[in-house]
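Protein chains in written order, with the numbering used here: chain A, 1 to 116; chain B, 117 to 232.
Just so you know, the hints here were simulated from the structure itself, not pulled from any lab data.
Remember, it's a predicted structure, so these values are computed and weren't measured experimentally.
Backbone N, C-alpha and C define an ideal beta-carbon position, used for all residues, glycine too.
A hint or two may mislead.
[Claimed, not checked] Derived lysine-lysine pairs resembling DSS-like cross-links, with alpha carbons at most 25 Å apart:
1. B:K120 <-> B:K146
2. A:K65 <-> B:K120
3. B:K181 <-> A:K4
4. A:K65 <-> A:K76
5. A:K80 <-> B:K192
[As the list claims (entries may be wrong)] To be clear about the criterion: a stretch of chain B counts as covered by chain A if any three or more of its residues have a C-beta under 8 Å from a C-beta of chain A, and this derived list gives those stretches:
6. 117-124
7. 139-148
8. 172-178
9. 192-204
10. 216-230
Letter by letter, the chains look like this.
There are 2 protein chains.
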Amino acid sequence: MIVKNSDEIERCPVVMDNVEGTCIQWLVSKFDGSPNFAMRRFTLVPGGRIGLHQHPWEHEIYILKGSGVAYNDEEKVQVKAGDVVYIPGNEPHGYDNTGGDELMFICMIPNEGDRR
Amino acid sequence: MIVKNSDEIERCPVVMDNVEGTCIQWLVSKFDGSPNFAMRRFTLVPGGRIGLHQHPWEHEIYILKGSGVAYNDEEKVQVKAGDVVYIPGNEPHGYDNTGGDELMFICMIPNEGDRR
Chain A
1 MIVKNSDEIE RCPVVMDNVE GTCIQWLVSK FDGSPNFAMR RFTLVPGGRI GLHQHPWEHE
61 IYILKGSGVA YNDEEKVQVK AGDVVYIPGN EPHGYDNTGG DELMFICMIP NEGDRR
Chain B
117 MIVKNSDEIE RCPVVMDNVE GTCIQWLVSK FDGSPNFAMR RFTLVPGGRI GLHQHPWEHE
177 IYILKGSGVA YNDEEKVQVK AGDVVYIPGN EPHGYDNTGG DELMFICMIP NEGDRR
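Chain A with its partners taken away, still in its complex shape (with noise of 0.2 Å):
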């Protein structure tokens, strides 16, 4: 059993052409042994937007603070903390924080999307 404070976790910035005002944390991933699946913590500032791109792999998120937008190429859908989203693989999809406040969320993927 492997116990971590999420605040206490690196914080990356994320350095991609259309990302602007977002951190990473790798909260649990191979690096812990974990054989499947990768959890990470995104934040946002306050129009900070994660744009429109696409991978193979899935996630699921869980919205934990903030507000803002999830959208792919045909839709854009409000989302706030409670939330949870799910984006098939090749889909491509991007976020923005149109809220005040940080938007951070939990973003899941399985381990063949971590190319670190």
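Once you have looked at the hints, place chain B on chain A.
Chain B alone, transformed into the frame defined by chain A:
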């Protein structure tokens, strides 16, 4: 993309030996098309518990609210909102809500563990 509000997802009492005062919600799973892993949310009333048990699949847990203890057959660790717990496959584990409020956490499993 599927978006749901977690408070609107059905809560089912967990009926198992050694479990008291515990509800489960399946937030995202194979029934949403997710190919690899499932996101569940557990809520334990004060005094509620999920007693020591084990299975071949791992857990990745994020504590959303409340406080309690997570334990295996060797150690017992205090946990609170914002903590992350990793339980390897086949490790005996359990949780007690030792606080005065609800203990709520996200618990991820590979689809192998979804026996519904």
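Comparing the hints with the structure gives:
1. B:K120 <-> B:K146: holds, 15 Å
2. A:K65 <-> B:K120: holds, 15 Å
3. B:K181 <-> A:K4: This hinted pair holds, its Cα atoms lying about 15 Å apart.
4. A:K65 <-> A:K76: holds, 19 Å
5. A:K80 <-> B:K192: With a Cα-Cα distance of about 34 Å, the restraint between K80 of chain A and K192 of chain B is violated, given a limit of 25 Å.
6. 117-124: With 7 residues closer than 8 Å to chain A, the stretch 117-124 of chain B meets the three-residue bar; holds.
7. 139-148: It holds, with 3 qualifying residues against the three required.
8. 172-178: Contact hint for the stretch 172-178 of chain B vs chain A: holds, 3 residues under 8 Å.
9. 192-204: With 9 residues close enough to chain A, the hint holds.
10. 216-230: Satisfied; 3 residues make the cut.
Violated hint: 5 only; the structure is consistent with all others.
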